[in-house]
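Novice: From just these sequences and the hints, can you work out the full model?
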Amino acid sequence: MRWTRKDLLDLQSLSADEILAVLDTAREFKAVGERTIKKVPALRGKTVVNLFVEPSTRTRISFELAAQRLSADVINFTAEASSLRKGETLKDTARNLEALNADFIIIRHSAAGAPHFLARVLGAHVVNAGDGAHEHPTQGLLDVFTMREKKGRVAGLKVTVVGDILYSRVARSNVWALRRLGAEVTLCGPPTLVPPAFQRMGCRVTTDLRLAIADADVINLLRIQHERQRKTMFPSLGEYTSLFGISRARLREARPDVLIMHPGPINRGVEVDSDVADGGHSVILEQVTNGLAVRMAVLYLINGGESSGVAN
Amino acid sequence: MDAAAVRGAVERIAEAIRAGNPGGDQVVLVGIQTGGVQLARYLASELERAWGNPVPVGHLDVTMHRDDLDQRLAPRVHPTAILFDVTGKTVILVDDVLFSGRTTRAAMDALTDLGRPRRIQLAVLVDRGHRELPIEADFIGMTLATGPVDRVDVRLAASIEDSKVVLEKAASG
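Going down the list, the protein sequences come from chains A and B. Here this note's numbering is used: position 66 in the first sequence is 412, and no number is missing along the way. Here this note's numbering is used: position 95 in the second sequence is 96, and no number is missing along the way.
Watch out, some of these pointers could steer you wrong.
[What the hints assert, rightly or not] Stretch-level coverage of chain B by chain A, calculated; a stretch enters the list once three of its residues show a Cβ under 8 angstroms from a Cβ in chain A:
id : segment
1  : 67-73
2  : 78-89
[Claimed, not checked] Below are the DSSO-like pairs computed for lysine-lysine, each with C-alpha atoms no more than 27 angstroms apart in a straight line:
id : chain 1 : residue 1 : chain 2 : residue 2
3  : B       : 90        : A       : 376
4  : A       : 352       : A       : 385
5  : A       : 385       : B       : 90
6  : A       : 376       : A       : 497
7  : B       : 90        : A       : 384
For the record, the hints were derived by calculation from the structure and aren't laboratory data. Ideal placement from N, C-alpha and C gives every residue a C-beta, glycine not left out.
Specialist: This is the structure:
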């Protein structure tokens, strides 16, 4: 399996082999991060632009460090400090970045499809770091990487995603990758946030948390995104927590070897209690470490050019 | 080059390594992924028999240190596993074929990211010429006259008796 894509825009269009190529590559980049010298020259001389039109700290920092560990130069470009505030279009902003000979553009944008648009109009490599409620492919990849590392496989795993599915690009990217690799996915949350339409993506949909976690190998908890909800989708945070929050008592109804995952940032006491988030089932901080390795792998793979030459 | 010829070449390399490193107590072998890994194992067993002590063997992937990564599809990255400290050691890099020398250059960079060997030497089964960098091997199993686009196919099996080297001449014209 050779990686031939110029960009990483979504997981929906990736084959199982392509997803596995990223995961296998990420495993070796994770090993680099465990060495005294955590840096390799794979992207030496390349310029990576973090174009974060929608605010983000952890994803931006993860991409920034990933690029630095590959020896690339990094520019950070955020909405607050940009000419986008002055009315410049996304296309003009991006063309200006390309005029600086940017080789990679990492884009986060509130509009679904913004990365796809950039990839069409620019020669630079484009990576989607989250577009609206559409996809967050590197988060989906790091989640699947973590599950595979901990459980030794993805096919046949029972994965339950709990929370704000409707507004969640993380949920969508998880579903695409997990279904492609043969996992069984259950989506659980209030009916307003888990539309039955997700059954068409091959998922089981339920509002009953007890049912959703009973036989789960993995419980992936999503953050309740106050900022993305245009109107209140459930009566109160307290009611959400009582029905869908994971407490230690609730966790006893799950399998003893269940993994607790969360893309962060955590609302402690809302979707997960502190003693669960910090407990033995939690791999939340390992997800952060793995995210770095996955992003290095993605940048490494899309950097590849045309095939040529003789082996040896 | 049949199994017997491979065996002869491996024995020649091991003999030369012993001559260059009397006692061998500071010698470690590092096979370059993927072709050098099995050759390093052959050499280690030869050297262990002669020296009477274990010879540490690791393997090194040089992909992340290559100089042509944006000119080709991203090569598959293989594991690096060097479970000993290379600092202060005589590290013998082992590869199946020495060609342009670029892999060796990348290997030296990758290795020095892991520590500071006292010295680095290079052992190859086949030197096929056409160097693009000022790099030579210290220990050579055999030299092959090749054209620049010929293929040297080295197949090293778990048992040396199943191994062989085939030179595939490029179609002329």
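Novice: Would you mind marking each hint as holding or not holding in the structure?
Specialist: Verification of the supplied hints:
no.	hint	verdict
1	67-73	holds (count 6)
2	78-89	holds (count 4)
3	90(B) - 376(A)	holds, 26 angstroms
4	352(A) - 385(A)	holds, 23 angstroms
5	385(A) - 90(B)	holds, 23 angstroms
6	376(A) - 497(A)	holds, 17 angstroms
7	90(B) - 384(A)	holds, 22 angstroms
This entry satisfies every hint, going by the numbered hints stated previously.
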